[in-house]
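Engineer: Taking the hints into account, I'd like the entire structure generated from these sequences.
With our numbering applied, the sequence shown corresponds to residues 1340 to 1660, in that order.
Honestly, the hints are just simulated from the structure, not real lab data. You may find that some hints are simply not true.
Said to hold, decoys possible - Lysine-lysine pairs mimicking DSS-like chemistry, simulated, CA-CA at most 27 Å apart: (1) 1514 - 1503; (2) 1503 - 1549; (3) 1353 - 1409; (4) 1635 - 1556; (5) 1549 - 1525; (6) 1622 - 1547; (7) 1483 - 1547; (8) 1423 - 1386; (9) 1549 - 1622.
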Amino acid sequence: GVLFNTGAGQHILKNPLVVNSIIEKAALRRTDVILEVGPGTGNLTVKMLEKVKRVIACEIDPRLVGELQKRVQGTYLANKLEIKVGDILKTDLPFFDACVANLPYQISSPFVFKLLLHRPFFRCAILMFQREFALRLVAKPGTKLYCRLSINTQLLARVDHLMKVGKNNFRPPPKVESSVVRIEPKNPPPPINFQEWDGLVRIAFVRKNKTLSAAFKSTAVEQLLDHNYRIHCSLHNTVSSFLIYSVYCDLHTVFWKSKKLKSVMCSSFSKREIPENFKIADKIQTVLKDTGYSEKRARSMDIDDFIRLLHGFNSEGIHFS
1340 GVLFNTGAGQ
1350 HILKNPLVVN
1360 SIIEKAALRR
1370 TDVILEVGPG
1380 TGNLTVKMLE
1390 KVKRVIACEI
1400 DPRLVGELQK
1410 RVQGTYLANK
1420 LEIKVGDILK
1430 TDLPFFDACV
1440 ANLPYQISSP
1450 FVFKLLLHRP
1460 FFRCAILMFQ
1470 REFALRLVAK
1480 PGTKLYCRLS
1490 INTQLLARVD
1500 HLMKVGKNNF
1510 RPPPKVESSV
1520 VRIEPKNPPP
1530 PINFQEWDGL
1540 VRIAFVRKNK
1550 TLSAAFKSTA
1560 VEQLLDHNYR
1570 IHCSLHNTVS
1580 SFLIYSVYCD
1590 LHTVFWKSKK
1600 LKSVMCSSFS
1610 KREIPENFKI
1620 ADKIQTVLKD
1630 TGYSEKRARS
1640 MDIDDFIRLL
1650 HGFNSEGIHF
1660 S
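Structural biologist: Dropping the structure here:
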């Protein structure tokens, strides 16, 4: 038999009742192409191959690839199985209709976001996670486990906790309990720049029990937003008063007689100025006050709250990416 590397998250799902239950919840169709990550020895893979058009199994361990190949060799299922060897996080995802996987737990978070930002859209994913991670995915505002992972996932997808799976259903048993979750991407996705959104949420959830007013007073946050603000201004024709003054002097000295350049002069002065004593900290606090979120805490804010707040910042030229 194969010695499993638990350090790499190799815990094989051995209970056929759990395997069947996962397949039932996935509502597989004959025409489906299924993506499976971490197929192990193929207990789930073989059952899916009987029901779908094709399974693309991604496995990083060549020994387990050999086990999987042996298992279907010489059967009609062999033609329906495609094995990709390598690290799924470093691989471009293929086209697929649904993803069904007993994931190595240490790649849970990066894999979820790789999935949710993948195009074209897939129908759903049925994934096995460590119990606490699964509960974070579905956590609601105001509950203990609610965090950046919860709100980011729920922005992009509908998430449901399907069932608990005890540690004795695996070989070797993991140290923690597990859960199966269904993730259905929102299609069409919300009209939000995810990098911007995540930048805001990241700042708010660093200390989710702090007020937003306090969270935004960190020097690192102020420096980042000041840098972004100045880039935004330079792209949108807001220039400093010093720069306008220099342009004025140069034009006045050399070209003032030219009518064409008079119009350039006038347009220079129609641009908004960044005052020399400009402080991003004041602008941030003004946005928080005006939107009504100054004394709010990330732990109790929902998706609509963060959309309103992001809009408030963006309309004042403050960006997070």
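Engineer: Provide an ascending list of the numbers of those earlier hints which the structure does not satisfy.
Structural biologist: 2 and 5
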